[in-house]
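2 protein chains.
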Amino acid sequence: MSLTFPAPSADKAVQEGAGVFAPAFDANGLVTAVVTDASDGELLMVAHMNEEALALTIESGIAHYYSRSRRKIWKKGESSGNLQTVHEIRTDCDQDAIWLKVTVEGHDATCHTGRRSCFYRTVAMTEDAATLRILDDRLHFDPATVYGTDAADTGTK
Amino acid sequence: MSLTFPAPSADKAVQEGAGVFAPAFDANGLVTAVVTDASDGELLMVAHMNEEALALTIESGIAHYYSRSRRKIWKKGESSGNLQTVHEIRTDCDQDAIWLKVTVEGHDATCHTGRRSCFYRTVAMTEDAATLRILDDRLHFDPATVYGTDAADTGTK
Numbered sequence: 001m002s003l004t005f006p007a008p009s010a011d012k013a014v015q016e017g018a019g020v021f022a023p024a025f026d027a028n029g030l031v032t033a034v035v036t037d038a039s040d041g042e043l044l045m046v047a048h049m050n051e052e053a054l055a056l057t058i059e060s061g062i063a064h065y066y067s068r069s070r071r072k073i074w075k076k077g078e079s080s081g082n083l084q085t086v087h088e089i090r091t092d093c094d095q096d097a098i099w100l101k102v103t104v105e106g107h108d109a110t111c112h113t114g115r116r117s118c119f120y121r122t123v124a125m126t127e128d129a130a131t132l133r134i135l136d137d138r139l140h141f142d143p144a145t146v147y148g149t150d151a152a153d154t155g156t157k
Numbered sequence: 001m002s003l004t005f006p007a008p009s010a011d012k013a014v015q016e017g018a019g020v021f022a023p024a025f026d027a028n029g030l031v032t033a034v035v036t037d038a039s040d041g042e043l044l045m046v047a048h049m050n051e052e053a054l055a056l057t058i059e060s061g062i063a064h065y066y067s068r069s070r071r072k073i074w075k076k077g078e079s080s081g082n083l084q085t086v087h088e089i090r091t092d093c094d095q096d097a098i099w100l101k102v103t104v105e106g107h108d109a110t111c112h113t114g115r116r117s118c119f120y121r122t123v124a125m126t127e128d129a130a131t132l133r134i135l136d137d138r139l140h141f142d143p144a145t146v147y148g149t150d151a152a153d154t155g156t157k
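Sequences listed follow chains A and B, in order. Letter 24 of the first sequence, counting from 1, is numbered 24 in this note's numbering, and no numbers are missing. Letter 127 of the second sequence, counting from 1, is numbered 127 in this note's numbering, and no numbers are missing.
Source of the hints: derived by calculation from the structure; they are not laboratory data. Here a beta-carbon is modelled for each residue, glycine too, at the ideal position from N, C-alpha and C. Each statement offered as a hint is correct.
Over 12 Å on every C-beta distance to chain B, these chain A residues come out as not near it, computed from the model:
(1) I62
(2) K72
(3) T103
(4) G106
(5) H107
(6) D108
Now the in silico label distances, taken between C-beta atoms and shown as ranges:
(7) A:I73 <-> B:A13: 23 to 29 Å
(8) B:E105 <-> A:G17: 24 to 30 Å
(9) A:E78 <-> B:L83: 39 to 45 Å
(10) B:D136 <-> A:A124: 30 to 36 Å
(11) B:H87 <-> A:T126: 14 to 20 Å
(12) A:E59 <-> B:H87: 36 to 42 Å
(13) A:G19 <-> B:N28: 27 to 33 Å
Turn these sequences into a full structure, and let the hints steer you where they fit.
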């Protein structure tokens, strides 16, 4: 990684304007990354990036994240083949969130459960409780075959 | 708020399946909320919700967040009129992120800068630095008129 980023500007007009990209990493050194499919805009996943993951993503054009549970850089799709080629990177007004528009290689699946998107469930109210209903149950790959029976190395945390 | 949520299940199959909605709030009691426009899927903003904000959102059908900078519940659009009516709520595999599909009232603008989306800038590489280019500079409202000159009460943090 050779790319580094300056600290966010205390001047709101600068931080919200054109020019320098100065991501506002949080106390844990992370920004939120929202990932959508470049073809149709479907929301695929939400993850986190540290400075190294963000630099690697920009430099390589392949999405890298920071795994909070494994505490290391995570090249998405390295195990499953479902690499993410980045078509566009955007940031939000205060630069603490990143939006990646990607094409998913391999099985065209982002979720470690084998589904296209991690957001395969909707929240429904039933009487006094909120319950989850599965909207998309099509598995693009078999997680046990791809990841093995040790599922510790999966998920978006 | 009357709605409460159970603790996430330690059983991955339960947490990733249909049934109980058990959001995985982080150490600060927050989940990430991704907000898209129900009409065309445009990514509008990323924010955070605590248990109360999530319950208020489900119960009222109007998006509520938790402002980390102001440390309080934030009914989005209360100052600007740009309330968000929620059409669908989804969650991701490990239930630490929420996706809201909304219709924006008022000026049809979500960003406190007056733009439709907070993600109005793209990241471009120029020589050895990453710079920001503004893609959407159309202001749907004048922030100074709507919020006053004290801009402390704005932003998505």
